[in-house]
Amino acid sequence: MESRRLDEAHGATDRRRRPTILIADDTTDTRELYAEYFSARGFAVVTASDGAQAIQAARDHVPDVIVMDLAMPQFDGITAIRRIKADARAQRARVILLTGYPHAAVERNALQAGADRFLTKPCLPEHLERHVNALRRRTRRKAAG
Amino acid sequence: MSPLAQRIADAVHQNQPRPFCFACLAAEEGVREHDVRAVALVLIVRAGLRLVERVCSRCQRPGETLAARKLA
Chain A
3 MESRRLDEAH GATDRRRRPT ILIADDTTDT RELYAEYFSA RGFAVVTASD
53 GAQAIQAARD HVPDVIVMDL AMPQFDGITA IRRIKADARA QRARVILLTG
103 YPHAAVERNA LQAGADRFLT KPCLPEHLER HVNALRRRTR RKAAG
Chain B
888 MSPLAQRIAD AVHQNQPRPF CFACLAAEEG VREHDVRAVA LVLIVRAGLR
938 LVERVCSRCQ RPGETLAARK LA
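Line order of the protein sequences matches chains A and B.
Heads up, my numbering is the position in the first sequence plus 2, with the first residue counted as 1.
Heads up, my numbering is the position in the second sequence plus 887, with the first residue counted as 1.
Be careful, since some hints might not be right.
To be verified - Not close to chain A: a few residues of chain B, all C-beta gaps over 12 Å, as computed:
1. His900
2. Asn902
3. Gln903
4. Pro904
5. Arg905
6. Gly917
7. Arg919
8. Glu920
9. Arg941
10. Val942
11. Ser944
12. Gln947
13. Ala955
As the list claims (entries may be wrong) - If you only want the chain B side, here are some residues facing chain A, beta carbon under 10 Å, derived:
14. Ala892
15. Asp897
16. Phe909
17. His921
18. Ala925
19. Val932
To be verified - Distance windows between CB atoms, simulated:
20. A:Arg19 to B:Arg905: 46 to 52 Å
21. B:Arg945 to A:Leu126: 20 to 26 Å
22. A:Ala106 to B:Gln947: 31 to 37 Å
23. A:Asp62 to B:Arg948: 39 to 45 Å
24. A:Arg143 to B:Gln903: 45 to 51 Å
25. B:Pro890 to A:Lys144: 42 to 48 Å
26. A:Arg138 to B:Glu940: 26 to 32 Å
27. A:Ala90 to B:Gln903: 51 to 57 Å
It is worth saying that the hints were derived from the structure and are not from the lab.
Idealized CB from N, CA, C, for every residue including glycine.
Make a model of the complete structure from these sequences and hints.
This is how it looks when you write it as structure tokens:
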């Protein structure tokens with residue numbers, strides 16, 4: 003398991019309370035920048051730098067929200083989403099596909115694969131957080147019945 | 888910051904005040920649009936560039952462009 007969890011010092015009790023976000027992006031700067039931001043905003047952050055790591059991290063950590071890049075090594079983001087949505091445990095994670103390909107066909111494929119949102123790069127952390135929190139609210143409403 | 892990010896930052900400063908959309912900025916630099924979009928975030932957050940809605944001075948289409956931060 004090569005994906006990285008950034009909050010190991012916080013302990014198990016804290017991890018249970020904090021929402022978990024998986025940032026999957028092969029661009030180091032992007033991954034680190036979002037990880038720093040969401041960590042500071044109270045999230046437990048897991049990172050992955052390719053599609054295979056993202057799938058494994060989703061299975062291992064079952065994050066509340068996954069921010070998935072499209073173009074990554076091993077598996078592209080859409081393949082990774084399909085595999086995550088086919089996994090009995092990981093499929094509960096909400097997924098945002100974040101891509102530098104602002105094309106309707108890519109958006110259609112992403113949504114068909116199971117993505118909840120489609121956003122284009124560059125996406126400022128504050129803007130991304132609004133979408134992340136909207137998806138978390140949707141999950142809570144669904145759980146409440 | 889990656890070499891590509893530095894190159895795009897330099898291009899934005901050199902093009903100033905003419906805004907280029909991501910597709911045209913990529914074409915000018917001979918790289919792919921999604922690579923420019925991928926490095927844009929770090930340029931905005933860490934290198935002082937801004938994301939602004941403008942008409943591209945190359946293709947004349949309105950849309951998001953990168954611009955140097957205004958000086959006070």
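Hint by hint, here is what the structure shows:
{"no.": "1", "hint": "His900", "verdict": "holds (17 Å)"}
{"no.": "2", "hint": "Asn902", "verdict": "holds (17 Å)"}
{"no.": "3", "hint": "Gln903", "verdict": "holds (18 Å)"}
{"no.": "4", "hint": "Pro904", "verdict": "holds (20 Å)"}
{"no.": "5", "hint": "Arg905", "verdict": "holds (20 Å)"}
{"no.": "6", "hint": "Gly917", "verdict": "holds (16 Å)"}
{"no.": "7", "hint": "Arg919", "verdict": "violated (8 Å)"}
{"no.": "8", "hint": "Glu920", "verdict": "violated (7 Å)"}
{"no.": "9", "hint": "Arg941", "verdict": "holds (15 Å)"}
{"no.": "10", "hint": "Val942", "verdict": "holds (17 Å)"}
{"no.": "11", "hint": "Ser944", "verdict": "holds (20 Å)"}
{"no.": "12", "hint": "Gln947", "verdict": "holds (18 Å)"}
{"no.": "13", "hint": "Ala955", "verdict": "holds (15 Å)"}
{"no.": "14", "hint": "Ala892", "verdict": "holds (7 Å)"}
{"no.": "15", "hint": "Asp897", "verdict": "violated (17 Å)"}
{"no.": "16", "hint": "Phe909", "verdict": "holds (8 Å)"}
{"no.": "17", "hint": "His921", "verdict": "holds (3 Å)"}
{"no.": "18", "hint": "Ala925", "verdict": "holds (5 Å)"}
{"no.": "19", "hint": "Val932", "verdict": "holds (6 Å)"}
{"no.": "20", "hint": "A:Arg19 to B:Arg905: 46 to 52 Å", "verdict": "holds (50 Å)"}
{"no.": "21", "hint": "B:Arg945 to A:Leu126: 20 to 26 Å", "verdict": "holds (24 Å)"}
{"no.": "22", "hint": "A:Ala106 to B:Gln947: 31 to 37 Å", "verdict": "violated (22 Å)"}
{"no.": "23", "hint": "A:Asp62 to B:Arg948: 39 to 45 Å", "verdict": "holds (44 Å)"}
{"no.": "24", "hint": "A:Arg143 to B:Gln903: 45 to 51 Å", "verdict": "holds (46 Å)"}
{"no.": "25", "hint": "B:Pro890 to A:Lys144: 42 to 48 Å", "verdict": "holds (45 Å)"}
{"no.": "26", "hint": "A:Arg138 to B:Glu940: 26 to 32 Å", "verdict": "holds (29 Å)"}
{"no.": "27", "hint": "A:Ala90 to B:Gln903: 51 to 57 Å", "verdict": "holds (53 Å)"}
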